[in-house]
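Peer 1: These are the residues of each chain, in order.
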Amino acid sequence: MHIIARSSRIVALGTAILFSSAFAATAFTACQITDTGGIDDNSFNQTAWKGVQDAMEQLGIEGRFLESQAETDYEANINSLLGGQCDIIITVGFLLGDATQTAANANPDQKFSIVDFAYDPEIPNILGQVYATDEAAFLAGYLAAGMTKTGTLGVFGGINIPPVTIFMDGFHRGAAYYNAQKDTSVIVLGWNPDTREGLFTNNFDSLDDGRAYAQNLYDEGADIILPVAGPVGLGSAALADELGTEQLKIIGVDADLYFTDPAKKHVYLTSVTKRMDATVFDVIKNTMDGAFKGGVLVGSLSNGGVDLASFHDMEALVPEDLKAELAAIRQGIIDGTIKVDGN
Amino acid sequence: MSTPSKTDKAIQDLLRRAAPPRAEFEDLVIVPIFAVVAALILGAFTMLATNVELATIGQSYIALLKGSVGSLNAISETLTAAAPLILAGLGLALGFRAGLFNIGAEGQILMGGIAAVITGFSLPGLPFVLLLPLCLLSGALVGALYAGIAGWLRAATGAHEVISTIMLNLISYRLLDYLLRQPFIQREGRADPISKSVPDNAELPRLLDWLDPNLRVHAGIFLALAAVLVVYWILYRSKIGFEFRASGASPDAARFAGMRSGLIIVAAMATAGALAGLAGANQVLGVLDRATPGFSAGIGFDAIAVALLGRSHPFGVLLAGLLFGALEAGGRQMQVDAGVSIDLIGIIQALIIVFIAAPLLVRAIFPWGFRKPADVRKE
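From first to last, the protein sequence lines stand for chains A and B. Under this note's numbering, the first residue of the first sequence carries the number 1, and numbering increases by one thereafter. Under this note's numbering, the first residue of the second sequence carries the number 344, and numbering increases by one thereafter.
Pair ranges (Cβ atoms, derived):
#	chain 1	residue 1	chain 2	residue 2	range
1	A	K293	B	D555	20 to 28 Å
2	B	F527	A	P162	21 to 29 Å
3	B	I514	A	T195	24 to 32 Å
4	A	T150	B	T350	45 to 53 Å
5	A	P162	B	P476	36 to 44 Å
6	A	K339	B	F527	32 to 40 Å
7	B	G605	A	P162	49 to 57 Å
Please keep in mind that the hints were generated in silico from the structure rather than gathered at the bench. Computed from a predicted structure; not experimentally measured. Even for Gly, the Cβ is constructed at its ideal location relative to N, Cα and C.
Hey, can you work out the whole structure from these sequences and the hints?
Peer 2: Below is the structure:
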């Protein structure tokens, strides 16, 4: 039912697109600034950029991007896109929050949108895009707890910031929910939702770290690992590829890694998708229609902003009972009968 | 001390090329200019090889020019990027002159920067005229101490500074991670490693924000210019500078002349570290107003290239720093206007270094730019 709702939304969007593109003569320009890790990171930055690419394709806009190679680039990159050449500047990543705020205050006529940051109080020329990722990660945690052979799961993050830890919270609580339901004792290594301490690589670009951290978790018994660090997780996937998926499975984040990392697609049990492409597209579309408004846009399970990807090659490995339970939990989260925030 | 090994000899050779004893016009000016030209041409070929259209290549070089000097904002960005490169580059150049191959500017930048931040937010009550110099001073001091470790290891045990500075870089990364999570440094309400903000009266003032709030150029560029003059004075007008250069040119001769080589090594490393520490302070007090794990952004390594390109001469470093700053600012515009990857700028920078390191290659490519070899070979 949910899928139908979503696809009808897409159809509605599609017709709107047809109309708007027919009349769009002037080049609307959307500019995007990535976080570190690169625009081709197969996950975080790439997903957000796909939103602009989709808009380029379907709305006929012009899209530009600037990659941040270090945190010192944020402000400089925003600066080089100011001056009226961009109808909207989309910054991608929590860490760009300060720089975006500074630029927005200095340039009240420039429209901004930022992925993974919400301002309190709201800033009239910034639209924040945030995601209830814990809802989808909760499902992933439940699934992983049902699939593990060793009774141990692993998770690690890039940097200890809310848009990363929300994955880890959801994953942890999903596994705990499984334990409560089934009276099992699956443990999750790498994150403690109460002390807010856990395993972090402190970067979003080292594939070596992704491999080393996954190796550590594997050595401690984990057979399913959720790396929440953009391209760092590709290093973990390489390890799973070498060890074999019997020994270690990976859960992707942000994009459906089965498609974006085709060389290692067989190691992904599923992916916790964060549809930044959809929200970025919507923001561009609304801005084109003159409906831009500062504030916060929340992607959740109910509006398709976050989701659990399909199992693809591992479809047959996941027991039918577990699939049915996941469907029920998903409905419960949407209804509000199951709380994912741990209260 | 041990007998000089093959590696030592190779490094001596490299240093001689990095810091030529006599400032010859051709080596100092013509070779770098041709190196840049050759790198830009080869960069264009690289783009061609990666299926970039000819028109886009032209467009991207125009964007490079536009983004570096084409507007007030472009110049402001160039100067902002150049200031820390000049400061750290001066430190490395001074080391090269003294015969020390310091790879540790990155770590010294990090340590100096975090020291400046801590001083800044710990003493928010002090007036601007007192607090800013104090922050800069603490950055320089901590940078000097950190580099001094490598100098002392070299002087006392003979441990090679190339190795020890690289290792100290690695230590500094983790030390910074650790420090940024200490409650008295970490920003309130944040779980990620990020320091508290520096108060306004500790910041290097922006020079042109009354014109346009987006112009980021700050007083750090004056700091860099002052450092150029000071380093020039140290190297060519002071006694210790003469000792630096003497022991760099010939360590044995310097020792036989009665210079205390151990002390000179530590002093040279510490001065280099102080300059790198200033570069770190410049970044946190002028640009970022806080410290995060990645705030050095590879400046310490780019500065090696700046020092090499500048032939380890203070004025050369100034020009090379401005060029690299321009490449960085223009590279951004290249990506925006032409969609060319920013990695290409890295390639061009690397090519410049290759050509600088091989002056004979440059002479072979541009034979008409130089006097006949017969005239030059009079050594």
